[in-house]
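On the provided structure of chain A, position chain D as indicated by the hints.
Protein chains in written order, with the numbering used here: chain A, 5 to 483; chain D, 5 to 483.
Incorrect hints may appear among the rest.
As the list makes no split between identical chains, a pair holds if one copy fits it or if it spans any two.
Claimed, not checked - Here are the simulated SDA-like cross-link-like pairs (lysine to any residue), alpha carbons at most 20 Å apart as the crow flies: (1) 92 x 359; (2) 92 x 222; (3) 154 x 341; (4) 314 x 343; (5) 314 x 470; (6) 154 x 478; (7) 69 x 35; (8) 92 x 360.
Derived from the structure by calculation, the hints contain no laboratory data.
Spelled out, the chains give:
Protein chains: 2
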Amino acid sequence: MHSTRETVYTHDELDALLAPRSIAILGASNRAGSFGERTLRNLRARFDGPCYLINPQYTALGEDKCYPDVSALPEVPDCVVIAVPREKVRDLVAQCVAAKVPGVLIFASGYAETDLPERLEDQHALAALVGGTRTRLVGPNCIGFANYAKNVCLSFSEFPACTPGPGAIGIASQSGALAMAIAQGACAGTPVSHALACGNMVDVDVADYVTYLAGEPECKAIVCILEGHERPDRMAQAAGAARAAGKPLIVHKLGRTAKGHHAAWRHTASEAGSYEDWQALFERSGAILVEQFDRVMEVASFFAKAPTAKGRGAAILSTSGGACLIAAETAGAPGVDLPQAVDPAHARVLAEAIPAFGYPLNPYDTTAQVISDPGSFAACAGALMADDAYDTVVMPQIQAYDAATPRTATLDALAGRFGKIACNVWLTQWMGGPGYAEAAASPHVALFRSMDACFWTLARWQERQRRLDSEAELKNAGD
Amino acid sequence: MHSTRETVYTHDELDALLAPRSIAILGASNRAGSFGERTLRNLRARFDGPCYLINPQYTALGEDKCYPDVSALPEVPDCVVIAVPREKVRDLVAQCVAAKVPGVLIFASGYAETDLPERLEDQHALAALVGGTRTRLVGPNCIGFANYAKNVCLSFSEFPACTPGPGAIGIASQSGALAMAIAQGACAGTPVSHALACGNMVDVDVADYVTYLAGEPECKAIVCILEGHERPDRMAQAAGAARAAGKPLIVHKLGRTAKGHHAAWRHTASEAGSYEDWQALFERSGAILVEQFDRVMEVASFFAKAPTAKGRGAAILSTSGGACLIAAETAGAPGVDLPQAVDPAHARVLAEAIPAFGYPLNPYDTTAQVISDPGSFAACAGALMADDAYDTVVMPQIQAYDAATPRTATLDALAGRFGKIACNVWLTQWMGGPGYAEAAASPHVALFRSMDACFWTLARWQERQRRLDSEAELKNAGD
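Here chain A stands alone, though its shape is the one from the complex (with noise of 0.2 Å):
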């Protein structure tokens, strides 16, 4: 089904498609609506480049010249984006081929995922067309695009406005719906700098976007939302590139049971593959894969913005002794120690700082009393920031305040003063309430919605960074 080809494709080779400089829209439109209009509408909020529009219906739309054709622009473009009925693709694509256009996009749907013979051999014929040549080939059945680094967003649907902050995730999904789901997080505070959907991957696919984004500096984690791959072999190489470019690369594969297997036919035509072998391989890759979905935003904005662990535990820090309790707790089962500080001076600034009717040990209870005294919080923060007990502190957020945003301020400042990470684990149910975009936008503070999605991401933090060391050091003792 998918293209078989050995390798994956290379960052530069990708570059044209995906951080094209001109861009022609085949199927251009005003009919307001339309894939054309929509895609034209997306595309000019933010990209600056030349954009030619094709469609041999008209001369002109609006102000815009529109060409009949590819072979009348003044330029090859750098890649274009066919916005038409499925009927029309095919030899449009060819079209493409020929004026040796280095990037296509296909929307269209109606291919391998209908399950019908004839509309296979579509899919087919589009692989045909491209392969061995220098024209790349997103979709079909695809939504498109965005590369926030590059202010590209080449979708008939709406990508959020975003612009990639430190610590963004970029994310490469077959399903177009699920790339969206996550890149609207940025809507809500999370940096993104990429987001890719490949849909039916007849040339380019998810394997070859992960490594795309291995060579991307604005892309600090890399999700991957996979279905199945007829290369697992080109999903490892993609892993490789992740890895050697030190970005940690977080995987949902879809297709875990039965039923899933089915459905992940039916969705992007996808064969899913045992699940037990796909887990071998991302295992072996060094690879973070994350079974519940709404938790793999935030466990890729974790490792987007964390620092090399160094071994160490989590304080816990909070005005709310009920959250003490739900934080040392759910440390246990995935294994984060909560130690105690280790510097005498820093225990007597929080003996000093808390209550009586608070804790001075792990976990930290300050009470409610920072809210009239903001100045004890900054004084328990930095004295845990500053222990070299600690690789993170962990703050959960009970209530959403204005007032309360500062001290997700002076835990992102310290954690960077200190080159480690802070996690706000947002328990108060306003979600997107006050502090919580500020949160999820801080360079240094992760933010967790559940108490689990947090203490799991850290035991893999530290797993993930035993293993890499053990790695480095079986590769010096080989030296």
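This is chain D only, laid out in the frame that chain A set:
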């Protein structure tokens, strides 16, 4: 430590305390940020009954008369809030008891939770003062409570603004912070009727609160956040009261582990008890134990909205094949069936409304075409809600945008019409984005932030109904 009486207080015994028609604040003040000032401000934001200010230092505060003590008031208030430092609390409680005040609330901390023997004595003294009298006491070490059904909010902390809509949850919690964390869900749409915190529980405790909520018509499901209780039999009585009232009881028990056990002691001076014992107790009582704190509110809100389960399956209706996949493979683990529609007329509607590149069987993938043709979504949802194969329709929300919100309204209206419930699984990571609060507030739509939580809850729903049905059968057989 806690009160050792045999039986829980009845709803009527607590009504003056928790639904007071007149209130006095002991330690009233206009010093910004003081407990007295904040309490008055929070109370006046909602309450329009008589509110007396007591502080021997003043004769007036602004335009309000200020009384020297409780005995000087023109009437015995239903509830007195003691907003003064610990040292002065004992004498004031004695005055309230002497004045036959039905309800007293103490904010001050620094009692048994400190581990100091003299503070434990202080706490015992409070218990002794009210024991056997008609004065019911909440606290100490307590942030207070909000009874939204009666527009009463007695707290120095700002409880969320909330009007209890249809399908509201009531919260009974030892921890004030955790009560607040859940109650803040109201700011993002979830209907909440009461948020009751009890702190150190020298008299009125969390079991009494649950019993009270069982008798409150605005509360449709009860959340209980439990650290520990020396009288588990009283918790069993409370669970029995909830069951007799036909109200689902959702329990989150802190202190599951040895670490948690210790922290619970430090927090509200509670013996946590063995988790297994508590598990067995709640299982016998038909309560629903939720281990993840972040899941408590959404489980409770589902049960507050859900009609009687009929042992039928779930239909999945999505615009995304990827989301169908996630749903299909998540349903299996907790054992939720995904049958096909039984009525051929419904199956025909679905086959006609879903395009060839979608999937006209459960999980139903309408594809994104419903974006341009909203009627096709309504047709599919209508056929599924009407079909006898289903108790519920699950709709993954993969993108938040204004134009998607009407789909939730369509599901809500249909679920109401057919006496069913719909589930909106908020897969988009835009927490609090367009449509989030609307879904949370809908009377016949339950909002979940993860597919796991949704199907876990659906399985508990069917299980609870089977149990109720078989108990009813046994009872009928015995009659």
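Hints, one by one, checked against the model:
1. In this assembly of identical chains, residue 92 and residue 359 lie within 20 Å of each other by CA distance solely across copies; the values are 19 Å between and 73 Å within a copy.
2. Taking the shortest Cα distances, residue 92 and residue 222 never come within 20 Å of each other, neither inside one copy (37 Å) nor across copies (59 Å).
3. For a Cα distance limit of 20 Å, the shortest separation of residue 154 from residue 341 qualifies neither inside one copy, at 41 Å, nor across copies, at 46 Å.
4. Taking CA atoms no more than 20 Å apart as the test, residue 314 paired with residue 343 passes inside one copy only; the shortest distance there is 14 Å, against 50 Å between copies.
5. In this homomeric assembly, residue 314 and residue 470 come within 20 Å of each other (Cα to Cα) only inside a single copy, at 9 Å, whereas the closest approach across copies is 51 Å.
6. In this homomeric assembly, residue 154 and residue 478 never come within 20 Å of each other (Cα to Cα): the closest approach is 39 Å inside a single copy and 68 Å across copies.
7. When the C-alpha separation of residue 69 and residue 35 is checked against a cutoff of 20 Å, the pair qualifies only within one copy, where the shortest distance is 16 Å, while the shortest distance between copies is 69 Å.
8. In the homo-oligomer, the alpha carbons of residue 92 and residue 360 lie at most 20 Å apart only across protomers (18 Å), although the nearest pairing inside one protomer, at 76 Å, exceeds that limit.
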